[in-house]
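**Q** Protein sequences, first through last, are from chains G and R. Taking the numbering used here, the leading residue of the first sequence gets 1, the next gets one more, and so forth. Taking the numbering used here, the leading residue of the second sequence gets 1001, the next gets one more, and so forth.
Hints are computed from structural coordinates only; laboratory data are not their basis. Please read these numbers as outputs of a predicted model, since none were measured by experiment. The beta-carbon is built from N, C-alpha and C at its ideal position, and this holds for glycine as well. Among the hints, a few may not be true.
Said to hold, decoys possible - Using 25 Å as the maximum straight-line C-alpha spacing, the simulated BS3-like pairs for lysine-lysine come out as follows:
id	chain 1	residue 1	chain 2	residue 2
1	G	K101	R	K1067
2	R	K1086	G	K27
3	R	K1074	R	K1086
4	G	K101	R	K1086
5	R	K1067	R	K1007
6	G	K33	R	K1086
To be verified - Pairwise CB distance ranges, derived in the manner of DEER restraints:
id	chain 1	residue 1	chain 2	residue 2	range
7	R	Q1017	G	R133	38 to 44 Å
8	G	V6	R	A1036	43 to 49 Å
9	G	A26	R	A1036	24 to 30 Å
To be verified - Here are some chain R residues the structure puts well away from chain G; computed CB gaps all over 12 Å:
id	residue
10	E1008
11	I1013
12	S1056
13	A1072
14	T1083
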Amino acid sequence: MPDPTVIPPFALSLDGAEGAVREGLAKAMACLKPLGLSVEDAGTVELVLAEALNNVVEHALAATKESTTIEIRGHQTAFGLRLTVIDRGAPMPTGTAPVSKAPNIDVAFDDLPEGGFGWFMIHSLATEVHYARVGQSNLLCLQLPVGV
Amino acid sequence: MELTSSKEPGLHIITVQEQRIDASVALAFKDRMRNATEGGEETVLLDLNHVNFIDSSGLGAIVAAMKSLGPARKLVLAGLTPTVDKVFRLTRMDSVFGVFPTVEAALADFGS
C-alpha cells in the first residue's frame, strides 16, 4: 500500500509567552503547507492550536518566571493530523483536559459571555483530546480530522 | 491595532485594518473600539473583511465592545472571512450579532 502521508513528522518550539504564540502558529502552519489544506481545514488546525497555546501561556505558564519553551510536535495518521503540545508549566488542576460546554448565550445582555470559549472550541473541532502529565511536562494530544 | 472609521446616516462604520484579532491584541482592540464609539448614538457596523483569524480572546473582545455600547445601541458585523465565520457559528455568537455578508449589504438594510 502506498504511504498516504504527505509530510514528515515535525517538531518546533516557541517561547512560552503570549507574544510568541502568533509566530509559533505561523511556523506550525508552514510545516503543514505541503498538505494543501482547504481554508476550512487550515482554520480548524489554527484555531485548535491557538486555543491550546493560549491556554498554556495564560494558565500553565502563568506563574513561570524563568524563560521556557513550548514544543509542538505533529505527524499524519490514517485518521488525520496528530498534534502534541508540550510545556513544562503547572499541571492541569483537574488532571484532565477540561470538558467545556458552550457558554450559555441565552442570557441578559449584560451577562453575555466574553470568555470560556477556548476549550469548547478545541473539543468541537478536534476528534480526540487527551491530556497527560509526564514528569514535569504537560502533554496535550490533539487529533484533527484534516489531511486524510 | 488599527481601526478606521467612517460615518453614514445612522451608521458608524469601523473597519479593522489588521489580519488578526487574537489574545495579543484583544485588550488594545477593546480600548480602540471604546475610543472610536464613545459619545455616539448610531448603530456601529464592524467591518471584519481584512481579518482572517480570531481566537476566543478576539471573540470575547468583540462581545465586550458590543456590551460597552449599552443595550440600546447595536453592534452589527460585516465581511466575515471563513475562519472568523467558523468561530461565530461554532459558539452561536452569530445569533447575538446582526451579521451581513458585506458592508454594502448592511448599508442597504439600514436604508442609507
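**Q** Indicate, hint by hint, whether the structure satisfies it.
**A** Tested hints:
1. Annotation: proposed proximity of K101 (chain G) to K1067 (chain R) holds, straight-line Cα distance about 22 Å (limit 25 Å).
2. Distance check on the hinted pair: K1086 (chain R) and K27 (chain G) sit about 22 Å apart at the alpha-carbon level, within 25 Å; holds.
3. This hinted pair checks out: K1074 (chain R) and K1086 (chain R) have alpha carbons roughly 22 Å apart, not beyond 25 Å.
4. With a CA separation close to 17 Å, the supplied pair K101 (chain G) and K1086 (chain R) stays within the 25 Å bound.
5. A threshold of 25 Å between alpha carbons decides the hint, and for K1067 (chain R) with K1007 (chain R) the separation of about 21 Å falls inside it, so the pair holds.
6. Using a Cα cut-off of 25 Å, the hinted pair K33 (chain G) and K1086 (chain R) holds, with the two alpha carbons roughly 21 Å apart.
7. Our hint of 38 to 44 Å for Q1017 (chain R) and R133 (chain G) holds, since their Cβ atoms are close to 42 Å apart.
8. For the pair V6 (chain G) and A1036 (chain R), the supplied restraint of 43 to 49 Å holds, since their beta-carbon distance comes to about 45 Å.
9. Between A26 (chain G) and A1036 (chain R) the CB atoms are about 29 Å apart, so this pair conforms to the stated range of 24 to 30 Å.
10. The non-interface label for E1008 (chain R) is consistent with chain G: the shortest C-beta to C-beta separation is roughly 25 Å, beyond 12 Å.
11. Its beta-carbon lying about 23 Å from the closest one in chain G, I1013 (chain R) satisfies the requirement of being farther than 12 Å from that chain.
12. Non-interface call for S1056 (chain R) relative to chain G: violated, since the shortest CB-CB distance, roughly 4 Å, does not exceed 12 Å.
13. For A1072 (chain R), the requirement that its beta carbon stay farther than 12 Å from each beta carbon of chain G is not met, with the minimum near 10 Å.
14. A cut-off of 12 Å between C-beta atoms contradicts the statement that T1083 (chain R) is not in contact with chain G; the least separation is 3 Å.
Figure legend: structure checked against the earlier numbered hints; hints not met, in rising order: 12, 13 and 14.
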